Amino acid sequence: MTNLLLLQLLNGLQFGVLLFLIAAGLTLVFGIMDFVNLAHGVIYMIGAYLVVTFAGLTGSYGLGLLLTLPATLLIGLVLEFLIFRHLYDRSHLDQVLATFGLVMVITEAVEIIWGAAPLTVSMPEALSGSVPLIGPLRYPVFRLAIIAAGLLTALGLWLVITRTRIGMRLRAGASNRAMLSALGVDVRRLFTVIFAFGAMLAGFAGAMVAPILAVDTGMGESVLILAFVVIVIGGIGSIKGAFAGALLVGVVDTVGRVFGPILLKAVMDPSAAAQAGRTLAPMLVYILMALILAIRPAGLFGQKT
Amino acid sequence: MSPRLRNIAAIVIFGGFALLPLLAGMLGESFLIVIATRILAFAIAALALDLILGYGGMVSFGHAAYLGIGAYAVAILQRAGITDLGLHLLAAIVAAAPFALVTGAISLRTRGVYFIMITLAFAQMAYFFFVSLSAYGGDDGVTLAARSTLLGEPLLENDRVLFYVTLGLLLAIYLLALRITQSRFGRVLTGTRENPVRMQAIGYSPFRFQLTAYVISGCLAAVAGVMLANQTEFVSPALMNWHRSGELIVMVVLGGIGNLIGAVGGAVIALLLEEFLSRFSEHWPLFFGLILIGVVLASRDGVSGLIRRIGGAK
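In order, the protein sequence lines correspond to chains A and B. So the first sequence is residues 1 to 305, counted in our numbering. So the second sequence is residues 1 to 314, counted in our numbering.
Source of the hints: derived by calculation from the structure; they are not laboratory data. What you are looking at is a predicted structure, and each value in this text was computed from that prediction instead of being measured. No residue lacks a Cβ here, since even glycine has one placed at the ideal position from N, Cα and C. One should not assume that every hint holds.
[What the hints assert, rightly or not] Covered, in the sense of this in silico footprint (three residues per stretch, anywhere, with C-beta under 8 Å from a C-beta of chain A), are these stretches of chain B: (1) 125 to 133; (2) 158 to 167; (3) 290 to 299.
[As the list claims (entries may be wrong)] Here are a few chain A residues that sit away from chain B, every Cβ distance over 10 Å (derived from the structure): (4) Leu7; (5) Phe30; (6) Leu87; (7) Arg90; (8) Ala294.
[To be verified] If you only want the chain A side, here are some residues facing chain B, beta carbon under 8 Å, derived: (9) Val36; (10) Gly101; (11) Val105; (12) Met123; (13) Glu125; (14) Met168; (15) Leu183; (16) Asp186; (17) Leu213; (18) Ile225; (19) Val255; (20) Pro282.
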C-alpha cells in the first residue's frame with residue numbers, strides 16, 4: 001500500500017509539473033494582458049506532433065525535442081503577430097470567440113497534416129529503463145526525467161522572475177499593467193515575449209509526454225481545462241500559484257483515481273464503491289477547485305478577482 | 001435592436017419556421033424538417049444563454065452541460081419505463097436547477113475571466129460524470145429505444161410533430177424570456193451588468209438576481225437537451241463537450257447579444273453554416289474557425305458590431 005501510494009505520488013508529481021509548464025504561460029498571459037487564450041492547449045498538442053515528426057526525421061528523440069522548442073516558439077510568435085495582437089483591448093468575449101475559432105482551425109489542420117489516427121514516438125534508449133526505488137518497487141527513468149525537467153524549468157522560471165529585470169517587469173505587469181506602461185515599459189513587446197515563451201513551454205510539455213501518451217488531436221483539450229483549473233486554484237497571474245496549483249491538481253487527480261475507490265470500499269460494498277469511485281475520481285479536481293474558490297475567490301495566491 | 005424591429009424579426013423567424021414543413025413537403029426534401037428541428041433545439045439553448053450573457057453579462061462557457069443533463073434525463077427515465085415528454089421536461093428542469101444553483105453560486109463569487117473558466121470547468125466536471133456512467137454507455141452514449149411519448153401516444157415519432165412541438169417550446173420560452181427581461185427582475189439584471197456596485201448601493205443584492213437568472217437559464221438549456229435527445233434518438237457525453245459550449249456562445253454573438261430573437265437567428269446562421277460547410281469538406285471546422293476569427297478581427301467592436309453595421313442600424 002505504501003509502495004502504491006509512493007508510485008502514485010510520483011505519477012501525480014509528474015503530471016503536476018507538466019500541468020505547471022502549460023499553466024505558466026497561460027497564467028502570465030492572463031495576468032498581464034487579461035487575455036483569455038483557449039488556444040494554449042492546441043500548442044501543447046502541436047509540440048507533441050512536432051516531436052513525433054522531428055524525431056522521425058532525425059532518428060533521435062533528443063534532437064526532435066531540441067527542434068520542437070524553437071518551432072513552437074516561432075509558432076507562438078506568428079500567432080501573436082497574426083491574431084492575438086489585435087485582441088488585447090477587446091472584450092473577453094471576443095478573445096474567447098477568436099481563440100475558440102483558432103482551436104477549431106489548428107485541430108483540423110493538424111488532422112489534415114498528420115491524419116486522425118493516434119501517433120507514437122519511441123522513448124530514447126538511454127531513458128527507457130526503470131530504477132529501483134524501495135524494495136521491489138521500480139519507477140520508469142523517463143518519468144523521472146520529466147519530473148526533473150519540469151522542476152528545473154520551474155526553478156529557472158522562478159530565478160528569472162525574482163532575479164532579473166524582465167522578471168521584475170513581469171511581476172509589475174501582472175499586478176498593474178497601466179502603471180508599468182506609464183513607467184515607459186513597452187508592455188506589448190513584453191507580452192509578445194511572454195506569449196512566445198509560454199507557447200514554447202506548452203510545446204515542451206507536449207514534446208515530453210509524447211513518448212508516454214498516444215499523440216492525438218484530443219490531447220490538448222483536457223489539459224487546457226485542467227490548466228484553467230490550476231490557474232483558478234493558484235490565482236491568476238501568479239507563477240507561484242500556478243506551481244502550487246499544478247502540483248495539487250496533479251497529485252489529487254492521480255492519487256484520487258487510485259485511492260478513491262479503495263477508500264470508498266472501506267465504507268461501501270465493493271461494486272457500489274467501484275462505480276462511485278469511477279464516477280467521483282474525474283470530478284475530484286473540480287470539487288477541489290470549488291472548495292478552494294468557496295474559501296478564497298481569488299485563488300490561493302491571487303491578488304485580484 | 002429596437003422593440004419594433006425585434007418584433008418584426010421574431011414574426012419573420014417564427015413565421016418562417018411555421019411554414020417550413022409546407023416548403024419541405026413541396027420540395028419533397030423531408031430532411032429539411034430534421035435539420036430545422038435540430039436548429040430549433042439549439043435555438044432554445046442559445047436563447048437560454050443570451051438571457052444571462054446578453055442581459056446579465058455572464059459569459060458562461062459551460063452551457064453544454066445543461067444540454068447533457070436534459071438529454072440524459074430522457075435516457076435515464078426511458079430506461080426506467082417513463083416515456084412521457086412532460087415528465088422528461090420536468091425531470092430535466094429538476095435536475096438542472098440544483099446543478100445550476102450550486103455551480104452558479106460558486107462561479108458568481110468571481111468575475112470576468114474567472115467566471116468563464118470556472119463555468120467551463122464545472123461543465124467539464126458534468127461531462128466526466130456522464131462519461132463514467134457505464135450503465136448508460138459511458139463514453140459511447142446510449143441509443144434511445146424510442147422518442148418520448150405525448151399524452152401516452154408515440155406522436156413524436158412523426159418528424160413533423162416533433163418539429164412543431166419543438167417550435168412551440170421555443171416560442172413559449174422566447175415569450176417567457178421576453179417577459180423576464182422586461183420585468184423588474186430583468187431590469188435589475190441589466191443594471192447589475194452595467195454597474196453592480198451601484199445596484200448594491202440602491203439596495204439590491206446583485207448576487208441573488210444573477211444566480212436566479214443563471215438557474216433559469218440552465219433549466220431552459222436543459223429543455224433544449226430533452227428536444228435534442230428526441231431529435232437524434234441518441235444521447236452521449238459528446239453533447240456536452242466544451243466545443244458545444246463555445247458554439248452556443250458563437251450563436252448568441254452571431255445573432256447579436258441581448259435581444260433574444262438574435263440568439264434564435266444566430267442558431268440558424270451557425271448551424272446552416274455548419275451544414276453548408278460540411279457538404280464541402282469533412283474538415284469544415286477549419287473553415288468555420290477561420291470565418292469566426294475573421295469576423296472577430298474584422299470588426300472593431302466584435303461580431304455584434306459587424307452585424308449591426310451590416311444591418312445598417314446605428
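Now the hints, each set against the structure:
1. For the stretch 125 to 133 of chain B, the proposed coverage by chain A is satisfied: 6 residues have a C-beta within less than 8 Å of a C-beta in that chain, meeting the threshold of three.
2. Check on the stretch 158 to 167 of chain B: 0 of its residues sit with their Cβ under 8 Å from a Cβ of chain A, so the three-residue criterion for coverage is violated.
3. For the stretch 290 to 299 of chain B, the stated coverage by chain A holds: 6 residues have a C-beta nearer than 8 Å to a C-beta of that chain, and at least 3 were required.
4. Taking the minimum C-beta to C-beta distance to chain B, about 23 Å, the non-interface status of Leu7 of chain A holds against the 10 Å cut.
5. The beta carbon of Phe30 of chain A sits about 6 Å from the closest Cβ of chain B, which is not more than 10 Å, so the claim that it is off the interface is violated.
6. Residue-level check failed: Leu87 of chain A sits 7 Å from the nearest beta carbon of chain B, not beyond 10 Å.
7. In this structure Arg90 of chain A is not separated from chain B by more than 10 Å, as the shortest Cβ-Cβ distance comes to only about 7 Å.
8. The beta carbon of Ala294 of chain A is not kept farther than 10 Å from every beta carbon of chain B, the shortest such distance being approximately 6 Å.
9. A hinted interface residue such as Val36 of chain A counts as satisfied when its beta carbon comes closer than 8 Å to some beta carbon of chain B; here the least separation is about 5 Å, so the hint holds.
10. For Gly101 of chain A, the interface hint holds, since its Cβ comes within 8 Å of a Cβ in chain B; the closest pair sits about 3 Å apart.
11. The closest approach between the C-beta of Val105 of chain A and any C-beta of chain B is roughly 4 Å, which is under the 8 Å cut-off, so the hint is satisfied.
12. Interface restraint check: Met123 of chain A against chain B, minimum CB-CB distance 28 Å, threshold 8 Å, status violated.
13. A cut of 8 Å between beta carbons decides the hint on Glu125 of chain A: the least distance to chain B is about 35 Å, and the hint is violated.
14. Violation of the interface hint for Met168 of chain A is found here, the shortest Cβ-Cβ separation to chain B being roughly 24 Å, above the 8 Å cut-off.
15. Checking Leu183 of chain A against chain B: minimum C-beta separation of about 25 Å lies over 8 Å; hint violated.
16. The closest approach between the C-beta of Asp186 of chain A and any C-beta of chain B is roughly 23 Å, which is over the 8 Å cut-off, so the hint fails.
17. Nearest Cβ of chain B to the Cβ of Leu213 of chain A: about 17 Å, over the 8 Å cut. The hint is violated.
18. With a least beta-carbon distance of about 5 Å to chain B, the hint placing Ile225 of chain A at the interface is held under the 8 Å criterion.
19. For Val255 of chain A, the suggested interface contact is broken, since its CB lies about 17 Å from the closest CB of chain B, more than 8 Å.
20. At its closest, the beta carbon of Pro282 of chain A sits 4 Å from a beta carbon of chain B; the interface hint therefore holds under the 8 Å criterion.
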